[in-house]
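S.K.: Read off the chains here:
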Amino acid sequence: MASRIQTILGWSVLGAMMAALYMVFMWVPTEADQGIVQRIFYFHVPCAWVAFASFGLVAIAGIFYLWLGGQVWDDLGHACAEVGMLFCTLVLITGSLWAKPIWGTWWTWDSRLTTTFVLWLMYGGYLMLRAIAEDTPQVARFAAVIGIVAALDVPIVIISVRLWRTIHPAVLVTRQGGHGLEDPRMVVTLLVSLGAFTLLFAWLVMLRFGELRMRSRLGAVARELAMRQFRAGTA
Amino acid sequence: MKGFAALVLKDLTLELRSGRTTLALASMALLVLVVLVFAFDRTVVRGPEAAAGALWVSLVFAGMLGANRALAVEQEQGCMRGLLLAPLERPTIYAAKLTSCVAFMVAAGAAALVLVVLFFNLDISYAILSLAAVLLLGVFGFSALATLLAIIGMKARGGELLLPVLIVPIFVPALIAGVKASASVLAGAGAARQWLEILVAFDVLFVTAGYLLFEHVLGEE
Amino acid sequence: MAAPIVETHALAKSFGVTPVLRDVEFRLAPGSAAVVIGANGSGKSTLLGIFAGLVAPTEGRVLVFGEEPRRFTPRYRRRIGMMSHQSFLYPNLTARENLEYYARLYGVADWRQAARTWLERVGLERHAEERVRGFSRGMEQRLAAARAMIHGPSLLLLDEPFASLDADGSARVKTLIGSAVAEGCALVATAHAPVELSGVEMELHEISAGRLVPYREKEEAKRGGRLRSLLGPGRG
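First to last, the protein sequences are chains A, B and C.
Its first residue numbered 1, the first sequence is counted upward by one per residue in the working numbering.
Its first residue numbered 1, the second sequence is counted upward by one per residue in the working numbering.
Its first residue numbered 1, the third sequence is counted upward by one per residue in the working numbering.
Treat the hints as calculated values from the structure; they're not laboratory data.
Bear in mind the structure is a predicted one, so any value in this text is a computation, not a measurement.
Glycine residues also receive a C-beta, built at the ideal position from the N, C-alpha and C atoms.
You may find that some hints are simply not true.
Only pairs whose alpha carbons sit at most 25 Å apart, straight line, appear in this in silico SDA-like list of lysine to any residue [claimed, not checked]:
#1 K2/B - Y215/C
#2 K155/B - L90/A
#3 K155/B - A56/C
Pulled from the structure, derived: some chain B residues nowhere near chain C, Cβ distances all over 12 Å [claimed, not checked]:
#4 L9
#5 E76
#6 G78
#7 C79
#8 E160
#9 A192
#10 E197
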């Protein structure tokens, strides 16, 4: 059942991505100011949307894990964190690729990119914990707490970074991208791309979640086996 | 809040006896400042901005040490378990450890402030109260975070390496607000309201979060 | 029996993949005393940890005072007194300060007096103002016993309470535990060998391959027992 959903989802991702790619590269008109490079925007923004939404999911999964306790919530949070990290990295990379031709530098400290970078660091902290620390329910609880605390922090980060940047306008030019969409075809392309990336996210999370579930189940089986051997005196 | 007073008094007594933590934090603050003074050419980087930045950098580093030390006192002889066994509400333990961490950081902050005034040739006679208020707000927020997450440093394998990695990104908004507010106080302009609002919001948010989440972090084996 | 103060059903504990305890069925009536005998690493400390709410069971149920230890509120914790391999004492505080601190934490009404009283009871009144850091293992153990009992618990969980104690210390602690039990306190103690408390009937249990079974004196142990009593009660 789950694998059927996964297959359907997989094919939808393929279809949606192909539609999005066609629209981004063939269909949508080139933007007047920035030229062809602006098309990165149709990948950059959906990735950002996914990266931020995913972090919210990590926090929600964490809340459920602390509240209800099932290992499935921990695995879900973990999967969302890994996939979310991937998309967050993509935001930074596409942002960098975009910045270079437009402003001549690989990196700018404008408010959105900075906020995404902070988010990236939070993802990094979460994943480092999971990678370094041992695999116990206690560590899973730690991860849940971190996910929740970091997610609570994100709105404050957004506000403070925006304030930080507007007070120092001389340092760099704020990127306009995202709200100067004159042509309706641009809006449509953005929405389709948004949908395609969301589907991609869902599919990747399903895949990763499936792997983590299997690993958790294997762990439970190993524990059960060890206990049975213990009981039988053959441990 | 039963037991809060006993806990805080015990931590303070222990610290007064050994003085280890205060010494370590003050040293950390000093060393970080020395590094910064030599790292930045002060003919170029000068004034209230630089001083505020240096102050907060040394505070953050001292603070990470402080949070670890507030918990380290429970490491010997399994006292942490003794604490868990005691009839204390978990939030009470949080509040007590938070208070200890704030106390350590205030001591370190005072040392850092004196050093910054010295190294950066500042005149802060007019600004001392506002500056102290801003620093206190920042210290409070940092301690709220650090006390919650330091348990992870204590209990998870490789945890001590993780604490800075976890705290710093989350602390960014308070750091920005704190540095900006301090810089403007040092420049004589008083602390801008929006930065203070961010600091207060940060503190309220994370003290509450710490209060609610601490029991999950303590957990069982 | 009346509602047991401690009871477990099919209790099992694994640390990661390593099983330590299995199928533990245990019941302790209020005011009774039980000893759990086992070798090092047999899981007896883990069992006490589960009763105290410090360790979570992997399988099965455990109820202490009719409640799951993981759900303990301060009200329940106040009724438990525990001794562990670690002393729970702060090395940089004096003996008196340690006792006063714990007495305060546990809500003892006149904590200063309680500390004084218990220091006398364990024979440490002359060392009251010395820091625990300088104590011998035996002195620490006696202080830890005082700490465990100072708040008048109704359940004592004592992990090898007589280890490191000399004859005098052992006698003192046994007397204190004996009076506590006589006044209605329940007791679960762990040890390497059977413990005798005068005037107290002890249920003897043993952990064998992770299971809790009634204790049966073994042949070799009987022979070794004679040698042990030659060497003195501080051993074994």
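S.K.: It remains to establish, for every hint, whether it holds in the given structure.
M.R.: For each hint, the structure was consulted:
Among the hinted pairs, K2/B with Y215/C is inconsistent with the structure: their alpha-carbon atoms are about 42 Å apart, more than 25 Å. Note on K155/B and L90/A: the hinted pairing is violated, with a Cα-Cα distance of about 33 Å set against a maximum of 25 Å. Of the supplied pair hints, the one linking K155/B and A56/C holds, its CA atoms being roughly 16 Å apart against a limit of 25 Å. Consistency note on L9/B: stated as away from chain C, yet its beta-carbon is not over 12 Å from all of that chain's, at 8 Å minimum.
Once the 12 Å rule is applied to beta carbons, E76/B is inconsistent with being away from chain C; the minimum gap is 6 Å. The claim that G78/B lies off the interface is violated: its Cβ sits roughly 3 Å from the closest Cβ of chain C, which falls inside the 12 Å cut-off. Under the 12 Å C-beta cut-off, the non-interface status given to C79/B relative to chain C is violated; the minimum distance is some 6 Å. With a least beta-carbon separation of about 21 Å from chain C, E160/B lies farther than 12 Å from that chain, consistent with its non-interface assignment.
Interface exclusion of A192/B from chain C stands, the closest Cβ pair being 44 Å apart, more than 12 Å. Distance check on E197/B: its Cβ is at least 37 Å (rounded) from any Cβ of chain C, clearing the 12 Å threshold; non-interface status holds.
Violation of the numbered hints given earlier is confined to hints 1, 2, 4, 5, 6, 7; the remaining hints are satisfied by the structure.
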